[in-house]
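S.K.: From first to last, the protein sequence lines stand for chains A and B.
Mapping the first sequence onto the working numbering, position 23 (from 1) lands on 23, and the numbers just tick up by one.
Mapping the second sequence onto the working numbering, position 102 (from 1) lands on 246, and the numbers just tick up by one.
To be clear, the hints were calculated from the coordinates, so they are not data collected in a lab.
You may find that some hints are simply not true.
Some but not every residue of chain A turned toward chain B, in silico, with C-beta under 8 Å [stated by the list, open to error]:
id, residue
1, Q30
2, T42
3, F55
4, I85
5, G87
6, W95
7, C101
8, G103
9, Y111
10, G116
11, W139
12, L140
13, V144
All residues carry an ideal CB built from backbone N, CA and C; glycine is no exception.
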Amino acid sequence: MQRLFLSLLSGGLFGAGLFVSGMTDTTKVQGWLDVFGNWDPTLAFVMGGALVPMFVAWRLTKGRRPLVGGDFPAEPRPEMDHRLIAGSVLFGMGWGLAGLCPGPAVASLSYNGVAGFIFVGAMLFGMLVAPKAGRQLDWLAARV
Amino acid sequence: MEMDWICGAHRWWAHRAGRRGFPAGNGRIMGASGIIGGLVDGSGWHNAAERLIFLAGVIVVPILLLPFFKGGVDTHATSNVAVLIAAGVLVGLGTRIANGCTSGHGVCGISRLSLRGIVATVFYILAGGLTIVLFRHILGVI
Numbered sequence: 001m002q003r004l005f006l007s008l009l010s011g012g013l014f015g016a017g018l019f020v021s022g023m024t025d026t027t028k029v030q031g032w033l034d035v036f037g038n039w040d041p042t043l044a045f046v047m048g049g050a051l052v053p054m055f056v057a058w059r060l061t062k063g064r065r066p067l068v069g070g071d072f073p074a075e076p077r078p079e080m081d082h083r084l085i086a087g088s089v090l091f092g093m094g095w096g097l098a099g100l101c102p103g104p105a106v107a108s109l110s111y112n113g114v115a116g117f118i119f120v121g122a123m124l125f126g127m128l129v130a131p132k133a134g135r136q137l138d139w140l141a142a143r144v
Numbered sequence: 145m146e147m148d149w150i151c152g153a154h155r156w157w158a159h160r161a162g163r164r165g166f167p168a169g170n171g172r173i174m175g176a177s178g179i180i181g182g183l184v185d186g187s188g189w190h191n192a193a194e195r196l197i198f199l200a201g202v203i204v205v206p207i208l209l210l211p212f213f214k215g216g217v218d219t220h221a222t223s224n225v226a227v228l229i230a231a232g233v234l235v236g237l238g239t240r241i242a243n244g245c246t247s248g249h250g251v252c253g254i255s256r257l258s259l260r261g262i263v264a265t266v267f268y269i270l271a272g273g274l275t276i277v278l279f280r281h282i283l284g285v286i
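Input sequences plus hints: build the corresponding full structure.
M.R.: Here is the structure:
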C-alpha cells in the first residue's frame, strides 16, 4: 500500500513537472534539439533543474537504505554495447521528428488530441517489437 | 522540473523485484520508457500495479492542473500522421533497445555520473539534432 501510494505520488510529481516545465511543448523540444540551426537552449534549464537535485539525492543514498526496505540500485555498469548506441540513435531520430519522448507523450495524453494517441500507439507498437528487433541487432552485431 | 522523482520512484521497485528473484528488476534504474515498456513486453508484469498507478499519476495530474492555465496548453504537435507514426515507432524501439530515454539515461543516469547514461544522451541528442537538420532545414517536412 505504501509502495502504491509512493508510485502515485512520484508519477503525479513527474507528470506535473513535465506539464509545467514545457517538456510537452514539441516546438520547444525541437528548438532545443535544433543545435545546428535556430537553437533554443531553455530546456537545458529543465534538464539541469532535474539533474542538480537528483545528483544531491544520489549522494544522500550513500550509506542509507530506502524507507520502504531493500537496497538502492547497484553502481552504474560501465560497459557500452551496440544496443546502447543503436537504440539511442533510433530514439533520437524519433524524438527529433515529433518532439515527443515517452514521459511527455504520456503526460500530454489529455491535451495532445488525436496526435498524442497516434504517437503513443505507435510507441507502444515499437516497444512491443523491440525485444525481437534487439535480438536481430545482436545477430547483426556478431557478424560485423 | 520534478523529473528527478522518477528515479526515486524506482529504487524500491528495483529492489523489490530483485528480492523476489526477477532478474529484470534487480538493482536497475527505470525511467518512463522502462515503466511503460515493461508493461508492453511482459518483462514488468510482476509489479504491474505499481507501474500502472505511476502512469495514472503522470496522466491525471496534468488534467487537474489544466484549469489553472488560462487559454489552455498547446503541445504544437504535428498533424502529419506519417511523421507521428514513424516517430512513435522509433521512440518505442530505440528507448527499449537502448534501455532508457530522457528520464532514465538523461536525468537518472547523468545525475549518478553513469557513463552509459552520458553516452546514450550524447547519441540521442546528436541523432535528434541531425534529424531536425535533415527533415526541417533540408526537406522541410517538420
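S.K.: Look at each hint and say if it fits the structure.
M.R.: To see whether the hints hold, each was checked on the structure:
Using the Cβ-Cβ criterion of 8 Å, the hint placing A:Q30 at the interface with chain B is satisfied: the shortest such distance is roughly 6 Å. About 12 Å separates the beta-carbon of A:T42 from the nearest beta-carbon of chain B, more than 8 Å, and the hint is not met. At its closest, the beta carbon of A:F55 sits 5 Å from a beta carbon of chain B; the interface hint therefore holds under the 8 Å criterion. Restraint check, A:I85 versus chain B: the minimum CB separation of about 6 Å is within 8 Å; hint holds.
With 8 Å as the threshold, the beta carbon of A:G87 comes within range of chain B, its nearest partner Cβ sitting at about 3 Å, so the hint holds. Hint status for A:W95 relative to chain B: holds, with the closest Cβ pair at about 5 Å, below 8 Å. Contact between A:C101 and chain B, as hinted, is supported at the beta carbon level, the nearest pair being about 5 Å apart and thus within 8 Å. Of the supplied interface hints, the one on A:G103 holds, with its beta-carbon coming within about 4 Å of a beta-carbon of chain B, less than 8 Å.
Here the hint on A:Y111 is kept, as its CB sits about 5 Å from the closest CB of chain B, short of 8 Å. At its closest, the beta carbon of A:G116 sits 7 Å from a beta carbon of chain B; the interface hint therefore holds under the 8 Å criterion. This hint is violated: A:W139 has a C-beta 13 Å from the nearest C-beta of chain B, more than the 8 Å allowed. A distance limit of 8 Å between C-beta atoms decides the matter here; for A:L140 the minimum to chain B is near 12 Å, and the interface restraint is violated.
Because the beta carbon of A:V144 sits about 16 Å from the nearest beta carbon in chain B, more than 8 Å, this interface hint is broken.
The structure shown violates the earlier hints numbered 2, 11, 12 and 13.
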